[in-house]
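Here the numbering used here is used: the first residue of the sequence shown is 1, the next is one more, and so on.
In short, the hints are calculated from the structure, not lab data.
Bear in mind that the values here come from a model prediction, so they are computed numbers and not experimental data.
Every residue, glycine too, gets a C-beta built ideally from N, C-alpha and C.
Among the clues, some could well be false.
To be verified - So the derived label-pair ranges between C-beta atoms look like this: (1) Gln78 x Arg209: 29 to 39 angstroms; (2) Glu200 x Leu128: 13 to 23 angstroms; (3) Arg166 x Gly119: 22 to 32 angstroms; (4) Gly48 x Asp127: 31 to 41 angstroms; (5) Pro178 x Arg60: 49 to 59 angstroms; (6) Lys41 x Pro163: 10 to 20 angstroms; (7) Arg60 x Arg115: 22 to 32 angstroms.
To be verified - In the SDA-like style, the derived pairs of lysine to any residue whose C-alpha atoms are separated by at most 20 angstroms in a straight line are: (8) Lys175 x Arg233; (9) Lys50 x Thr70; (10) Lys175 x Leu185; (11) Lys220 x Arg209; (12) Lys175 x Glu236; (13) Lys220 x Gln210; (14) Lys220 x Ser237.
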Amino acid sequence: MSMHFDLVDLRLMTNIAEANSMTRGAELSFISLPAASTRIKNLEDSIGTKLLYRTSQGVRLTPPGQAFVTHARMVLSQIEHLRGDMQEYVRGIKGHLRVYANTTSLSEFLPPVLRTFLGRNPDVNVDLRERLSHDIVRAVTEGQTDIGIVAGLVRTENLEVLPYRRDRLVLVVPKGHPLDGEMQLAFSDTLDLDYVGLHESSAIHAFLRQASDLLHRPIKLRIQVSNFETACRMIESGVGVGVLPESAASRHAESMAITIVPLSDAWSLRDMQICMRSLEGLPSFARELIDMLVADAEGRLDTQAPLVRKE
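Please construct the entire structure, taking both the sequences and the accompanying hints into account.
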């Protein structure tokens with residue numbers, strides 16, 4: 001079978017899939033609807049199977065169409081990565097590294113490691129983004145990011161993974177609160193209380209919302225803030241309680257009048273993993289960052305040492 005398609009076809013199919021509409025997909029691809037229809041027909045004829053179901057409500061992917069779009073996204077992502085790398089070379093930068101991380105690792109563990117890494121590698125730039133663990137796995141699989149740091153029970157069968165750290169989510173209450181002194185609580189037992197939460201874009205906020213949805217009980221958010229420190233200060237002042245990573249809560253408990261209460265829910269204990277499509281397939285500077293992350297987790301990396309840049 002001889003298949004013929006180009007980058008316009010790949011972008012058109014991904015845009016149609018995201019919009020669930022041929023018309024909108026054509027608009028996003030900057031081509032006319034008749035031209036888009038012709039391209040899809042020629043693509044299906046070339047492949048020898050239907051890629052889209054046409055309905056009165058729009059279009060949706062057939063199973064072959066889903067496979068096509070998955071690979072199309074990977075190809076387009078690699079092309080964007082290639083374009084970005086070439087632009088960096090023009091500007092004198094020798095490498096560009098994409099890292100997606102969950103909230104806890106991004107806020108609590110990555111900053112000193114990245115400071116050390118970037119100090120040693122002045123010709124490498126890092127694009128660091130916060131995402132939900134399931135979204136990170138998909139991004140790594142599809143080539144949208146080079147390295148992912150995930151937590152909890154996520155399926156990583158098609159990726160290479162390395163153990164990273166272990167952390168747990170805990171309930172944080174102000175000192176003197178009725179729950180101060182409790183040995184352990186279930187998350188469900190806290191949902192009648194007012195909550196201090198992180199903003200909607202936070203991965204932890206999305207995770208806790210999913211947990212409350214499973215209980216069919218909403219979280220009573222009184223205020224949403226942008227970081228762990230502000231959340232702890234709001235909790236200290238009596239605005240509400242909150243669920244935060246133990247690493248962050250313990251650090252702020254040293255200087256604030258807050259108390260940590262362990263959660264009994266199994267999901268509160270979270271093992272973090274570093275994931276990538278292929279360790280050997282990564283550039284040397286990316287493998288160096290992974291080595292540093294593992295060393296830091298094992299206590300072997302001195303992030304306070306004076307920076308020595310590579311020549």
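**Request:** Just pull the numbers of the violated hints for me, sorted ascending.
**Result:** 6, 7
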